[in-house]
Amino acid sequence: MAPVAPRSGEAVFASVERVNAELFTLTYGAIVRQLLTDLEEVEEVNKQLDQMGYNIGIRLIDEFLAKSNVSRCVDFKETAEVIAKVGLKMFLGVTASVTNWDADGSSCSLILEDNPLVDFVELPDTCQGLYYCNILNGVIRGALEMVSMKTEVNWVRDMLRGDDTYELRVKLLKQVPEEYPYKDDE
Amino acid sequence: MQFFGGSAEVNPSPLAPAGTGTGLLGNNTYMMYVFNRNGVCLLYREWHRPLKTLDSQQDQKLMFGVLFSLKSFTTKMDPISAEKGSLGVPLLPGQGCSFHSFRTNTYKLSFMESPSGVKIILVTHPKCGDLRESLRYIYNIYVEYVMKNPLYAPGTAIKCELFNTKLDQYIRTIV
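Chains as they are written, first to last, in the working numbering: chain C, 10 to 195; chain L, 88 to 262.
Among the clues, some could well be false.
What the hints assert, rightly or not - Derived pair list, reagent style DSS-like, types lysine-lysine, alpha-carbon separation capped at 25 angstroms:
{"hint": "1", "chain 1": "L", "residue 1": "Lys163", "chain 2": "C", "residue 2": "Lys183"}
{"hint": "2", "chain 1": "L", "residue 1": "Lys246", "chain 2": "L", "residue 2": "Lys148"}
{"hint": "3", "chain 1": "L", "residue 1": "Lys195", "chain 2": "L", "residue 2": "Lys235"}
{"hint": "4", "chain 1": "C", "residue 1": "Lys94", "chain 2": "L", "residue 2": "Lys235"}
{"hint": "5", "chain 1": "C", "residue 1": "Lys56", "chain 2": "L", "residue 2": "Lys235"}
{"hint": "6", "chain 1": "L", "residue 1": "Lys195", "chain 2": "L", "residue 2": "Lys148"}
{"hint": "7", "chain 1": "L", "residue 1": "Lys246", "chain 2": "C", "residue 2": "Lys159"}
{"hint": "8", "chain 1": "C", "residue 1": "Lys180", "chain 2": "C", "residue 2": "Lys94"}
{"hint": "9", "chain 1": "L", "residue 1": "Lys139", "chain 2": "L", "residue 2": "Lys246"}
None of these hints come from the bench; they were simulated from the model.
Let the sequences and hints guide you as you build the complete structure.
In structure tokens form, the structure reads like this:
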């Protein structure tokens, strides 16, 4: 039996169940709004969004792997491409381009041409420090952690803050090998 | 836009492999284990296991240990790929080549590991065919009914009725 071929982002996106984009955007907006009310501090909201994303990411990875048939990536470069072209496409319906690699290939930028989370959004003066899409950082960080990569993800450019595009910086900290979990004397 | 399963009747893709649901019905599958990346046994189910020699915790630990060592062994013995590492040295999940089944005169053990470290083990009748498609299908059931279940806390034992029902249904069709 030949191994199952990985599927492209478009193919997976076409085959999965989808929800109305506006419903999704507005639901996300409502969550952020509620967090701002509950937590009051913008910094705390950023943190909370990241944590929520992380919790999503550690579950999402299994769905991603099961539906895309992607197997292990050879290096971090391939991982970044897969996130940009398959992962984001599959769950958000958009793709990103991967650029700005550093010399040792351990950090790169994902440039989102289109970001469905921010339709209808304007940041008021009171929330200038808010990273509105901080949930995406958490998702990527959580998902990569489940495939043995410790990463650091943060926003470099954000159109809501007056930049010209959405740029997400992903930095690979280390790869964690699978250890034998039991002690000998147990 | 993709979102968490809306309708109650979700069909995990890919669809059940052809050739299932025919002929021999019943207890071709003896038991099944699901481990996560930390070696926690998330699920142990048995359908037909007349003989037990160890208590269940020891049994699960032994199973995990054998798989762990066997994988390390298969990678070390690989004559083709350069990506080896030393025997016993931890590998990243999915790294190196791995076995997918072994057969004895009384049973067959089929094994699948996802890059996220989820390991699914099926122990079946020795005459069962290639079960890799079936394991992928079970992984899909796991995603739909366990990972997407908001009440399930990752890393804990699986206690999802719906998952067990779907699993039982599917297991009965394995030939």
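Exercise for the section: May I ask which of the numbered hints given earlier this structure violates, with the numbers listed in increasing order? Expected result: 3 and 7
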